[in-house]
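Q: One letter stands for each residue in the lines below.
Number of protein chains: 2
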Amino acid sequence: MLRIVAITGMPGAGKSTAAEALVKAGWRRVVMGDVIRAETKRRGLELDAKGTGEVMRLLRKERGESAVADLCLDEIARTGAERVVVDGIRSLAEVDAFRKKAAVLLVAVDASPSRRYGLLKERGRKDDPMTKEMFQERDLRELGVGIGEAIALADETVSNEHESTTGLEGEMKRVVDQWVAHELS
Amino acid sequence: MLRIVAITGMPGAGKSTAAEALVKAGWRRVVMGDVIRAETKRRGLELDAKGTGEVMRLLRKERGESAVADLCLDEIARTGAERVVVDGIRSLAEVDAFRKKAAVLLVAVDASPSRRYGLLKERGRKDDPMTKEMFQERDLRELGVGIGEAIALADETVSNEHESTTGLEGEMKRVVDQWVAHELS
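From first to last, the protein sequence lines are chains A and B. This note's numbering puts the first residue of the first sequence at 1, with every later residue one more than the last. This note's numbering puts the first residue of the second sequence at 1, with every later residue one more than the last.
The set of hints was computed from the structure by calculation and includes no laboratory data. As the structure is a computational prediction, the values presented were derived from the model and not from experiment. Note that the Cβ used here is the ideal one computed from N, Cα and C, for glycine as well. Fair warning: there could be bad hints in the mix.
Stated by the list, open to error - Once the Cα atoms are required to be at most 27 Å apart in a straight line, the calculated DSSO-like pairs of lysine-lysine come out as:
id: 1; chain 1: A; residue 1: K50; chain 2: A; residue 2: K100
id: 2; chain 1: A; residue 1: K132; chain 2: A; residue 2: K24
id: 3; chain 1: B; residue 1: K101; chain 2: B; residue 2: K50
id: 4; chain 1: B; residue 1: K50; chain 2: B; residue 2: K100
id: 5; chain 1: A; residue 1: K24; chain 2: A; residue 2: K61
id: 6; chain 1: A; residue 1: K101; chain 2: B; residue 2: K61
id: 7; chain 1: A; residue 1: K132; chain 2: A; residue 2: K50
id: 8; chain 1: A; residue 1: K132; chain 2: A; residue 2: K121
id: 9; chain 1: B; residue 1: K101; chain 2: A; residue 2: K132
id: 10; chain 1: B; residue 1: K50; chain 2: A; residue 2: K132
id: 11; chain 1: A; residue 1: K173; chain 2: B; residue 2: K101
id: 12; chain 1: A; residue 1: K50; chain 2: A; residue 2: K101
id: 13; chain 1: A; residue 1: K100; chain 2: B; residue 2: K50
id: 14; chain 1: B; residue 1: K121; chain 2: B; residue 2: K132
id: 15; chain 1: A; residue 1: K121; chain 2: A; residue 2: K61
Claimed, not checked - So the derived list for chain B, only partly shown, Cβ under 7 Å to chain A, looks like this:
id: 16; residue: M10
id: 17; residue: D110
id: 18; residue: P113
id: 19; residue: T131
id: 20; residue: M134
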């Protein structure tokens, strides 16, 4: 049976760290942002926030609200993996698409705007916002897609407000182990 | 200086329990739903879902998206309280209204849909949903007002997924004490 831990959360909240905790425990990781970035590259657009945002918008328009989730499911089927962590859920439509094909635990990784801004500054990825204004614009763009609803209806919420990397990894591992144990019992 | 702990969260997540933890520590509690019910009574309408819904609509039309928050602020000013917990935040417009007048800590109390449904069944308040369908409709109504955005941009998130009442109270007290200590330092 395919099990998917679907991770949602605002930019910079710590989704990658949470996902890596499961990778260390043998789960296969699929990053929704990577799927979008690959598609952005394929379409010849810049790999910045504007380009990826535009491709996300186009994909949804062409293939529906769950477009990126469907691309991820194609990739998961190709690998044959049975324990997969999908990182970067942005809407309930995506969650529903995964639930049609797998047992899903939707986990929200949460942190305050100021904490997330600090973490993004540390990370400094090419599409990360450089100023507070850009950060707030990106937040609003994510909320516009419906990420707030996915966060609000999560099965589990993990706060990264006061956690170290190790603390967040441990907390993530704990909720997923509990889920798997419960499903198996 | 006026300090407001603003609590948001989906129906049944445990907002009242979280607020009561602060009341025990001397904070004054203002329930946004009570403010709406008082205004409904003042206008001579029935205190049912139709009456309160109509008053909410009128209030927003007359005074804007933050109307209920503004009424709460009037009440807070009347009492002269300096530490207030406001229970029932539904949108970022309300949070912004509070931030104009006070130092605000926005706390999201989170629990999964299945956990919240169970807690609401236990509570059995007159306006609580009786069936899974009514529960989901109410969730969607709250999300439609923008509660997901308030949850996504919270300063602190407290999970009530696996907590006892005492556990949730302790966790709430901890994040608020930390905030006050940090602001005073």
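Q: Confirm or reject each hint.
A: The hints, checked one at a time:
1. A/K50 - A/K100: violated (31 Å)
2. A/K132 - A/K24: violated (33 Å)
3. B/K101 - B/K50: violated (31 Å)
4. B/K50 - B/K100: violated (31 Å)
5. A/K24 - A/K61: It is violated: about 36 Å lies between the C-alpha atoms, which goes past 27 Å.
6. A/K101 - B/K61: violated (44 Å)
7. A/K132 - A/K50: Status holds; Cα separation ~16 Å.
8. A/K132 - A/K121: holds (10 Å)
9. B/K101 - A/K132: holds (22 Å)
10. B/K50 - A/K132: violated (42 Å)
11. A/K173 - B/K101: violated (41 Å)
12. A/K50 - A/K101: Since the Cα atoms of A/K50 and A/K101 sit roughly 31 Å apart, the hinted pair is violated (cutoff 27 Å).
13. A/K100 - B/K50: Between A/K100 and B/K50 the Cα gap is close to 36 Å, so the pair fails against 27 Å, i.e. violated.
14. B/K121 - B/K132: holds (10 Å)
15. A/K121 - A/K61: Cα-Cα ~32 Å, so violated.
16. M10: OK, holds: B/M10 within 7 Å of chain A, min 6 Å.
17. D110: Holds. Min distance 4 Å.
18. P113: holds (6 Å)
19. T131: violated (18 Å)
20. M134: violated (16 Å)
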